[in-house]
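Undergrad: Start from chain A and add chain B according to the hints.
One-letter residues, chain by chain:
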Amino acid sequence: MVKLIAVADAGPLIPISEIDLLEAFKIFKQLIVPPEVEKEVKTKTKKIPKLEVQKLDKKEKNLSAWLAIKYELDLGEAEAITLCKTNRIKLFLTDDLAARITAEANGLEPHGSIGILLRAYREKIFNKKQTIQALGELEHNSTLFITSTLIQQAIQAVRRYPKRN
Amino acid sequence: METVPAKLTPKLVNELVKEGWYSNRSEAVRDAVRELVEKMRLETLNDAIKKDIEWGLNG
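Chains as they are written, first to last, in this note's numbering: chain A, 1 to 165; chain B, 1 to 59.
Chain A extracted, bound-state conformation:
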C-alpha cells in the first residue's frame, strides 16, 4: 500500500465520520489539519486516525487570510490550502467546489469523500459490497451535497473495477 500524506479541510472528515467509516483514513500515513478545521471537526466527528493538527505561523496566517478573501473561501479551507503550499504537500482533501477550484489553480491535487472511499476499496480496507453500501450511505446519511447521478457513476466504477471483489 502506498501511504499518502495529505492536508484536509473539514469536508471529507465530517461526511465519512457521519457514515462511520473512519477506517478509510488508514490510507494516509499522515493527515494534517489546520487549527480552524480541527475546531470544526472536533465537535462533529469521532477520533480520526492519523490526524495531526499543525499551527500556522504569522506568514502562513497572512497567506490564509489573503486566499480566503481572494477566492471567497472559509478560513479553514484557506488555512488547509496554505499548509499544502508551505509543506509542499500536493494532496488536499475537500468536498467544497470553490476550495477544489482554488486548490487546482494553486497547483494542488484536490480529492473528496468519494475519492477517499474508492481509494480505501482499492487498498483493500473495504470490499466491493462495503464500498457500494458506503457510497449509498454517503448520499442518504451524510451532510455531503452530492447528486444521485454522481453516486451512481461511482458505484458503476466500483462494480466495473476488475481487479478484486
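Bear in mind the hints are in silico, worked out from the structure with no lab data behind them. Keep in mind that the hints are not guaranteed to be accurate.
[As the list claims (entries may be wrong)] Below, simulated DSSO-like cross-link-like pairs (lysine-lysine); rule was C-alpha separation at most 30 Å, straight line:
no., chain 1, residue 1, chain 2, residue 2
1, A, Lys85, B, Lys50
2, A, Lys129, B, Lys51
3, A, Lys47, B, Lys51
4, A, Lys70, B, Lys39
5, B, Lys50, A, Lys50
6, B, Lys51, A, Lys90
7, A, Lys29, B, Lys51
TA: Chain B alone, transformed into the frame defined by chain A:
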C-alpha cells in the same frame, strides 16, 4: 440592485414574457443566469467526481 448591461436579441426574452412564463424581461434574464450558474456548478462537480473516481481506483 446593480444593473449589468448586456446585448441580446429581444425576441429571445420577449416570447417568454408574451407567453406568460415571466412577468417581465429582467425576471426572465435573472432566471436564465441562475440556471446557467447551477448548470456550471453541476458540471464542475461532475468533473471533480470523475477525478475522484480515477484517483481512487487507478491514480
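Undergrad: With reference to the structure, classify each hint as holding or not holding.
TA: A quick look at each hint next to the structure:
1. Lys85/A / Lys50/B: 24 Å, holds
2. Lys129/A / Lys51/B: 22 Å, holds
3. Lys47/A / Lys51/B: 28 Å, holds
4. Lys70/A / Lys39/B: Judged against 30 Å, a Cα distance of about 23 Å means the pair holds.
5. Lys50/B / Lys50/A: 27 Å, holds
6. Lys51/B / Lys90/A: 15 Å, holds
7. Lys29/A / Lys51/B: Holds, at roughly 22 Å.
Violated hints for the displayed structure: none, as all numbered hints are satisfied.
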